[in-house]
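Using the sequences plus the hints, can you model the full thing?
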Amino acid sequence: MKNLLYLCAIILFTACGSDDDSIDPIVETTNGITTLDATGTVSEQTAVEAKKIIYGKWNFSNTSRGTSNTCTFSFIEFTDDYYIMGFSVNQEIEAVFGTYELNTDANGFVTSVDLNLEMSDTTIASLTNIVVTETNEILNATFTIELNIPEDSEYMICNNLEGDYSTNKGDPMDESDPSDTDSNHAKLISTWTFVLMTEDGVDVSNQWYENPCYDYEDNYGEEIHIEGCTPSTEIKLTFSAYGTYTFVFYGSSNGTKAITEPWSWSDETQTSFYVGDGDELISIESLTDMEAIFSSNQEDEGEVESDYIYSFSAE
Numbered sequence: 012m013k014n015l016l017y018l019c020a021i022i023l024f025t026a027c028g029s030d031d032d033s034i035d036p037i038v039e040t041t042n043g044i045t046t047l048d049a050t051g052t053v054s055e056q057t058a059v060e061a062k063k064i065i066y067g068k069w070n071f072s073n074t075s076r077g078t079s080n081t082c083t084f085s086f087i088e089f090t091d092d093y094y095i096m097g098f099s100v101n102q103e104i105e106a107v108f109g110t111y112e113l114n115t116d117a118n119g120f121v122t123s124v125d126l127n128l129e130m131s132d133t134t135i136a137s138l139t140n141i142v143v144t145e146t147n148e149i150l151n152a153t154f155t156i157e158l159n160i161p162e163d164s165e166y167m168i169c170n171n172l173e174g175d176y177s178t179n180k181g182d183p184m185d186e187s188d189p190s191d192t193d194s195n196h197a198k199l200i201s202t203w204t205f206v207l208m209t210e211d212g213v214d215v216s217n218q219w220y221e222n223p224c225y226d227y228e229d230n231y232g233e234e235i236h237i238e239g240c241t242p243s244t245e246i247k248l249t250f251s252a253y254g255t256y257t258f259v260f261y262g263s264s265n266g267t268k269a270i271t272e273p274w275s276w277s278d279e280t281q282t283s284f285y286v287g288d289g290d291e292l293i294s295i296e297s298l299t300d301m302e303a304i305f306s307s308n309q310e311d312e313g314e315v316e317s318d319y320i321y322s323f324s325a326e
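Residue numbers (the numbering used here): 12 to 326.
Note that these hints are calculated values from the structure, not bench results. All values derive from a computational prediction rather than experimental measurement. Backbone N, C-alpha and C fix where the C-beta goes; we use that ideal spot for every residue, glycine too. Where hints are given, some of them may not hold.
[Claimed, not checked] Derived CB-CB ranges, DEER-like:
hint	residue 1	residue 2	range
1	Ser297	Asn118	43 to 49 Å
2	Ser317	Gly174	46 to 52 Å
3	His236	Ser277	33 to 39 Å
4	Ser317	Glu145	32 to 38 Å
5	Ser277	Asp318	17 to 23 Å
6	Asp193	Tyr227	38 to 44 Å
7	Gly212	Glu148	48 to 54 Å
8	Gly289	Met167	33 to 39 Å
9	Asp300	Leu207	17 to 23 Å
10	Glu55	Asp318	51 to 57 Å
11	Ala325	Glu173	33 to 39 Å
12	Ser277	Ile237	31 to 37 Å
Pasting the structure below:
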């Protein structure tokens, strides 16, 4: 898990028109996690109902609208409390993570969804005209997105991607539909706060806190420390029902950093899981609603094995 902080391949992101004009009322199937297949027009729903409709991972594909010469959308995923949005900027992956706000009118119906940077008052995007329908068991969403990415952001060039979009909802993990409310899967789908990492019993948490202070140098094939950078002060890890997990580093002088990778269970016992491209196995030592403890065994370049323990607390 020491190597969890590397990005996986991007899912291409584009947009197209929808030719299904039928709008269904909210139709849902619930499990131990949340509603996975709600449909409807968000502007006709309360905040509680609208959150069910937008929940999940929405992929943008098969249209030139989602690309520019320097920036490509990847996906937008909504969990219960957070969103994850991916960009590819100059062929480099950028992940944005934060809270979202459901704005309502005087009647209590949702007018827009604002995507905010975590621990910041900055709204980088607003979604309106959101409609989710189901056609041939495939969920589709159409919406209008307005971008307001700060000028000092390295992905500010993506502001030209705003407009009208059509997306397809990704498939949830098999364990998410349905899910036992007391299963490890149901417990793990949450946001966790990093507490401690040890290597052979020695506290090496600083290795993660210092992550935002390193840049990967392609020419040298190694990470280069950013001079004068101060480490992060808080780290959060989010597991989603759609096979996405996201590390977010807060408090570094180099800004907030979000890293997103896929995850999957190793088998039906739900006692260990794979991360990234599936070559790293993480075992669950303990998992409750309040605490998660993981472990892994890894070899360094000198083929010396080390045992790692990772502790997280519930948010």
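Right, here's what the structure says about each hint:
For the pair Ser297 and Asn118, the supplied restraint of 43 to 49 Å holds, since their beta-carbon distance comes to about 46 Å. The hint said 46 to 52 Å for the Cβ distance between Ser317 and Gly174, and at roughly 49 Å that hint holds. For the pair His236 and Ser277, the beta carbons lie near 34 Å from each other, so the given range of 33 to 39 Å is met. A hinted range of 32 to 38 Å for the beta carbons of Ser317 and Glu145 is inconsistent with their spacing of about 48 Å.
Here the CB-CB span from Ser277 to Asp318 is close to 18 Å, well matched to the stated 17 to 23 Å. Range check, Asp193 to Tyr227: Cβ separation about 40 Å, and the 38 to 44 Å hint holds. Checked against the hint of 48 to 54 Å, the C-beta distance between Gly212 and Glu148 comes to roughly 50 Å, which is consistent with it. In this structure, Gly289 and Met167 meet the distance hint of 33 to 39 Å, their C-beta atoms being roughly 34 Å apart.
At about 19 Å, the beta-carbon gap between Asp300 and Leu207 stays in the expected band of 17 to 23 Å. Between Glu55 and Asp318 the C-beta distance comes to about 54 Å, which sits within the given range of 51 to 57 Å. Between Ala325 and Glu173, the C-beta spacing of about 36 Å keeps the proposed range 33 to 39 Å intact. About 35 Å separates the C-beta atoms of Ser277 and Ile237, a value consistent with the hinted range of 31 to 37 Å.
In this structure, the one hint that does not hold is number 4.
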